[in-house]
Amino acid sequence: MGLFKRLTDWIDFRIGVRRIVAKELTGYLLPANINAWYSMGSILLFIFAMQVMTGCLLLIYYVPDADKAFKSVTVIMNDVPFGWLIRMCHAVGSNMMVLVLLFHMLSVLFMGSYKRPRELNWLSGFILFNLVMATSLTGYLLPWSQLSFWATTVATNSVSSIPVIGQYLVEFLRGGKLVGPPTLGRFYALHVAVIPIAIASLVGAHLFLLKRTGVSTPPFGLKESANQWQGDDYRYEDHPGGIPFFPNYALQDAVSVALYLTFFLTVVFFDPYLFFTRESFIAADPFQTPAHIKPEWYFLANYQTLKIFSNEFIGLSVQGMAMTCLALLPFIDRGRERHPLKRPLFMTAAIGGILLWVGLSIWGHYS
Amino acid sequence: MRQRNPAIKSTSRLMITCILVAILVIAYLGQSTTAGAADNVCIDCHGKLPGKYGEPVKLWQGSIHAANGVACNACHGGDPKDAANAMSPDRGFLGVPKEKDIPAFCGRCHVGVLKDYLASLHGKALGKGGPTCVTCHGNHKVVKASLELINEKSCSLCHSFKQEEIIKGVMAKTESRILAIDAGIAAFKQKGIDTDRLEKGLFAVRNSFHSLFHTVDVARVEMESARIGAELQKLDDLLKGFDAVQRQRRLIGAFAVAGALLFALLFWLLRKTYGRL
Amino acid sequence: MNEGRRKFLGICLGGAAASAAVAVGYPVYRYLAPLQKEKSAVKVVIPEQEVPVGGAKFFEYAGSTAVLVREHDGDLVALSAVCTHLGCIVQWEKEKQGFICPCHAGLYTAEGAVISGPPPKPLAKLPFVVANGIITVG
Chain A
13 MGLFKRLTDW IDFRIGVRRI VAKELTGYLL PANINAWYSM GSILLFIFAM
63 QVMTGCLLLI YYVPDADKAF KSVTVIMNDV PFGWLIRMCH AVGSNMMVLV
113 LLFHMLSVLF MGSYKRPREL NWLSGFILFN LVMATSLTGY LLPWSQLSFW
163 ATTVATNSVS SIPVIGQYLV EFLRGGKLVG PPTLGRFYAL HVAVIPIAIA
213 SLVGAHLFLL KRTGVSTPPF GLKESANQWQ GDDYRYEDHP GGIPFFPNYA
263 LQDAVSVALY LTFFLTVVFF DPYLFFTRES FIAADPFQTP AHIKPEWYFL
313 ANYQTLKIFS NEFIGLSVQG MAMTCLALLP FIDRGRERHP LKRPLFMTAA
363 IGGILLWVGL SIWGHYS
Chain B
402 MRQRNPAIKS TSRLMITCIL VAILVIAYLG QSTTAGAADN VCIDCHGKLP
452 GKYGEPVKLW QGSIHAANGV ACNACHGGDP KDAANAMSPD RGFLGVPKEK
502 DIPAFCGRCH VGVLKDYLAS LHGKALGKGG PTCVTCHGNH KVVKASLELI
552 NEKSCSLCHS FKQEEIIKGV MAKTESRILA IDAGIAAFKQ KGIDTDRLEK
602 GLFAVRNSFH SLFHTVDVAR VEMESARIGA ELQKLDDLLK GFDAVQRQRR
652 LIGAFAVAGA LLFALLFWLL RKTYGRL
Chain C
10 MNEGRRKFLG ICLGGAAASA AVAVGYPVYR YLAPLQKEKS AVKVVIPEQE
60 VPVGGAKFFE YAGSTAVLVR EHDGDLVALS AVCTHLGCIV QWEKEKQGFI
110 CPCHAGLYTA EGAVISGPPP KPLAKLPFVV ANGIITVG
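As they're listed, the protein sequences go chains A, B and C.
Under our numbering, think of the first position of the first sequence as 13, with each following residue one higher.
Under our numbering, think of the first position of the second sequence as 402, with each following residue one higher.
Under our numbering, think of the first position of the third sequence as 10, with each following residue one higher.
One chain only, chain A, in its complex shape (with noise of 0.2 Å):
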């Protein structure tokens, strides 16, 4: 008897792995017309893990207090071995993630899956959208240069257009009346601990769902590709004669991480800096701010609407309005059909609503 037989037989007899591996794994099966597309989870799962790990080892060496983080950055640039390297990862990860999050999100759209039963889904998909833009913005802070210092204001000034509870909500964001030391504490404490551990419970239960009410199928290729759902009981949506998740599509998992990694480790080592300004290798002067403070390139559609209304309040309320039509997606839209090119109504607001946020998003970054 093999050595490896011996030890699977060893754990098998315990807790019934084959069992798992033959449920889960290789008897696991998805539609046979499976698209790449649907990769985009494994990749951000992938991404998700890297971001994580470079944190820790950051966590090593960074400081977090007012005077000293900035210097704690720089000497992780500088003097630890490879500090560079992890720190660039960390940074140029943390703007892939919500690159690879947006399309996700448009394929989920663009392919109907967001359509009942799968509503639980969208939701907790869209919270995590949510979550991953608040880390994004919390983490930003962490450097205390010049641009982390003033984008955070700019961020939190916005809370304060909300009428009666607005100045509170600012000071209470930032811990006090400026961004300061308390700002920094809060901002750790989130983007460190809080944050994360909801993301990894929100995800655990995303794929809980996903798994729960069975991988949707595309509606590429079928000659109905309109939903099935009947609505008055649960049913498992399997796919006989489908696709093995392992070793088959698993395997296809791992091109797109491979292929994801290869145009990561690209802009890591030949233009990390794409994403960083002059500013950001200024420490923070709270006396003066730099001129053409801009946000992120994620945050850049949101800045240029509040500018866009000469009244804060309307803009941040519209900019509720979009989010919440977003969250309720499933609710608003009912129909049925799945697939794009049949749901004209649904592809003009998408299109268009995707062609708004990127000219904003321009107008924004040359405003």
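Derived pair list, reagent style DSBU-like, types lysine-lysine, alpha-carbon separation capped at 35 Å:
hint: 1; chain 1: A; residue 1: 319; chain 2: B; residue 2: 482
hint: 2; chain 1: B; residue 1: 574; chain 2: B; residue 2: 635
hint: 3; chain 1: C; residue 1: 134; chain 2: B; residue 2: 635
Across the chosen pairs, the derived CB separations fall in these ranges:
hint: 4; chain 1: A; residue 1: 187; chain 2: B; residue 2: 628; range: 49 to 55 Å
hint: 5; chain 1: C; residue 1: 10; chain 2: B; residue 2: 588; range: 52 to 58 Å
hint: 6; chain 1: B; residue 1: 632; chain 2: C; residue 2: 122; range: 24 to 30 Å
hint: 7; chain 1: A; residue 1: 45; chain 2: C; residue 2: 42; range: 49 to 55 Å
hint: 8; chain 1: C; residue 1: 68; chain 2: A; residue 2: 301; range: 37 to 43 Å
hint: 9; chain 1: A; residue 1: 180; chain 2: B; residue 2: 632; range: 53 to 59 Å
Rather than coming from a laboratory, the hints here were simulated on the basis of the structure.
Every residue, glycine too, gets a C-beta built ideally from N, C-alpha and C.
Assemble the complex: chain A is given as a structure, and chains B and C must be docked to it using the hints.
Chains B and C alone, transformed into the frame defined by chain A:
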């Protein structure tokens, strides 16, 4: 398709309308006024005055002093926060210096330059038709010192430009080296490299180089230029070191990217052996 | 036929994975290993009598200028002579028993504390020992 309950439909429409109206009402009532921070009463007041009383403010705003937070009271004294006593001698207000007092006025901060100037031919001609600081540097629109301050127009106000042309020629080569190193440092700073010591080193060299001119002594300028050249070489070598490190990292990067592509290829080939998809 | 291919690809992947493990493991190991002490700068040795009471001696240390001061009560201080404002070298003023920076008139005490002017931080202190009439800085 199930028929939706008409009551639910109209209720949700009503709710949405109410929320929209509420938002608009709150927005109108809750319009915020932004309070402007009172900065500096000198600028607030003189900025609004016409003619020669308001001109200095605009000129100053384009200066290197303004970019570094050196405002009116830093040179003229007085109290920038108290409008009533802003120009009171009790608060140290010095007013406009007379021609002979100008070098001491600027020299309160620019100590080294004052020493060099007073020992020079220019300094010895102070009050007898010689130049003061503002003759070449201007008074409010003082910009970062460069070789352009040595020019035919300024120098020939009093004498021929010949000596100055020689000095400028000697200084031009060093100046261009300084500018090149400055640009190099800025490029590396943008990459997160700790350029603090380099920046300080360059500033010290640049300063000693520029103040050199105030002695208007050709021989001295030539001698010091050689010493300064050696200092600049040290800085240049450091920059070359950074460059080498960057090249090495890019090389590692090329291998890493190739490795990732290799993984993608191997996984894809393996996937194909399982058919389907 | 596929079995053969799979085995071959499996071996290739195994090899690639091993190299990747080293490629990732080595930087992480170096990152985690305790930092080597900064290449100890060449120590500078100065005989005590070169620093008179109320006087200062400038010398080169670790690539930039440093200064030794002997105050009126006999105490020695070793400081970096690089002004913390923009980097000019400070000068010793005997009458005032302090340092002045010729660039923008930053004033420091004999111990390097900022009295007035633009410098944001005091002059950096340097470690030194005195033994048998010899001062060793570094």
